[in-house]
Amino acid sequence: MPYSTIIAERDPDYAGLYVITLNRPALLNAMNTQMFTELRHVFRELRDEPDVKVVVLAGGEKAFSVGGDLKERNGMPNDTWRRQHELIEEAFLAIRDFPAVVLSAVEGYVHGGGFELAMMTDFIVASQTAHFALPEMRLGIMPGGGGVQNLSRAIGVRRAKRYLLTGDPILAEQALQWGLVTEVTAPGQARAKAVEIGRRIASGAPLATRAVKMSASRGVEVDFHTGYALDIAAYNTLAASEDRLEGVAAFNERRAPRWSNR
Numbered sequence: 001m002p003y004s005t006i007i008a009e010r011d012p013d014y015a016g017l018y019v020i021t022l023n024r025p026a027l028l029n030a031m032n033t034q035m036f037t038e039l040r041h042v043f044r045e046l047r048d049e050p051d052v053k054v055v056v057l058a059g060g061e062k063a064f065s066v067g068g069d070l071k072e073r074n075g076m077p078n079d080t081w082r083r084q085h086e087l088i089e090e091a092f093l094a095i096r097d098f099p100a101v102v103l104s105a106v107e108g109y110v111h112g113g114g115f116e117l118a119m120m121t122d123f124i125v126a127s128q129t130a131h132f133a134l135p136e137m138r139l140g141i142m143p144g145g146g147g148v149q150n151l152s153r154a155i156g157v158r159r160a161k162r163y164l165l166t167g168d169p170i171l172a173e174q175a176l177q178w179g180l181v182t183e184v185t186a187p188g189q190a191r192a193k194a195v196e197i198g199r200r201i202a203s204g205a206p207l208a209t210r211a212v213k214m215s216a217s218r219g220v221e222v223d224f225h226t227g228y229a230l231d232i233a234a235y236n237t238l239a240a241s242e243d244r245l246e247g248v249a250a251f252n253e254r255r256a257p258r259w260s261n262r
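Using our numbering, the first residue of the sequence shown is number 1, and each one after it goes up by one.
No lab work stands behind these hints: they were computed from the structure. The structure displayed is predicted, hence computed values, not measured ones. Hints should not be assumed to be uniformly reliable.
FRET-style restraints, in silico, Cβ to Cβ [what the hints assert, rightly or not]:
#: 1; residue 1: THR80; residue 2: ARG244; range: 16 to 24 Å
#: 2; residue 1: VAL248; residue 2: GLN177; range: 33 to 41 Å
#: 3; residue 1: GLN177; residue 2: MET1; range: 35 to 43 Å
#: 4; residue 1: PRO257; residue 2: LEU171; range: 21 to 29 Å
#: 5; residue 1: HIS85; residue 2: GLN177; range: 48 to 56 Å
#: 6; residue 1: GLY144; residue 2: TYR14; range: 33 to 41 Å
#: 7; residue 1: PRO50; residue 2: ALA250; range: 18 to 26 Å
#: 8; residue 1: VAL248; residue 2: ARG162; range: 44 to 52 Å
#: 9; residue 1: GLU49; residue 2: ARG244; range: 18 to 26 Å
#: 10; residue 1: PHE251; residue 2: GLU196; range: 35 to 43 Å
Glycine included, C-beta positions come from ideal geometry on N, C-alpha and C.
Based on the sequences and whatever the hints tell you, model everything.
Structure below.
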């Protein structure tokens, strides 16, 4: 499928790393039906690629994304709106449930659905210019891309309600203090930092990387003992893998491991 609103690239220097860039810069990456369709498609396609280890989701320097394209939505009939939102849900959940690691690199405006999209990834690298907000209450709706659930889990439900109900912005340094983002870079450096981190993740054993993501993501949704049972089930599977033997051998031989993904 040819893409017109996103750019999907394989990192030329590191196997297994892909970068997907939102590409409507003139509209600050406002997300229209075509972009949602392309995001759903590319993540479904990459899910079936065995060599994919890490995906970096990036925007531009002025904006990661300002959210849904309100010009497209102006006067949109209810049935069309609902169909578009079903597409949004499918695209966003394809990212949240992606088996390999997905991280986002954000600069500038990260508003509405753009903020929700970033929160669907495993973690967020932000530049000092990042400006997060969920202003949907001012439009007569509410966040519908997982923002209520993700923000409440990221910064605590009371704090989240304060920003969900007002639409007030959260700036990068505050987001870092609250654990909403994992690091803050100089302006223009979020993408490079995310790629650097992505390469370090991609150097790890792919089976173990996916197992850690699954266990951490699902484990926080259940009680401790159930989560720990997930850990141990995954651990025992990894202990019987060829890559476990290779990892230990590489350590003792003081060389880089050669992962087989088996």
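Quick rundown of the hints versus the structure:
1. THR80 to ARG244: 16 to 24 Å: At roughly 51 Å between Cβ atoms, ARG244 and THR80 fall outside 16 to 24 Å, so the hint is violated.
2. VAL248 to GLN177: 33 to 41 Å: Roughly 39 Å apart at Cβ, these two residues keep to the hinted range, so it holds.
3. GLN177 to MET1: 35 to 43 Å: Holds, since GLN177 and MET1 (Cβ atoms, about 41 Å apart) stay within the stated range.
4. PRO257 to LEU171: 21 to 29 Å: Violated - the Cβ-Cβ distance for PRO257 and LEU171, about 41 Å, lies outside 21 to 29 Å.
5. HIS85 to GLN177: 48 to 56 Å: violated, 33 Å
6. GLY144 to TYR14: 33 to 41 Å: Between GLY144 and TYR14, where Cβ atoms are some 35 Å apart, the hint holds.
7. PRO50 to ALA250: 18 to 26 Å: The hint (18 to 26 Å, Cβ to Cβ) holds, given that PRO50 and ALA250 are roughly 21 Å apart.
8. VAL248 to ARG162: 44 to 52 Å: Given range 44 to 52 Å: holds, Cβ gap about 49 Å.
9. GLU49 to ARG244: 18 to 26 Å: Once the Cβ atoms are compared, 24 Å apart, the range 18 to 26 Å for ARG244 and GLU49 holds.
10. PHE251 to GLU196: 35 to 43 Å: Once the Cβ atoms are compared, 23 Å apart, the range 35 to 43 Å for GLU196 and PHE251 is violated.
Of the numbered hints listed earlier, those contradicted by the structure are 1, 4, 5, 10.
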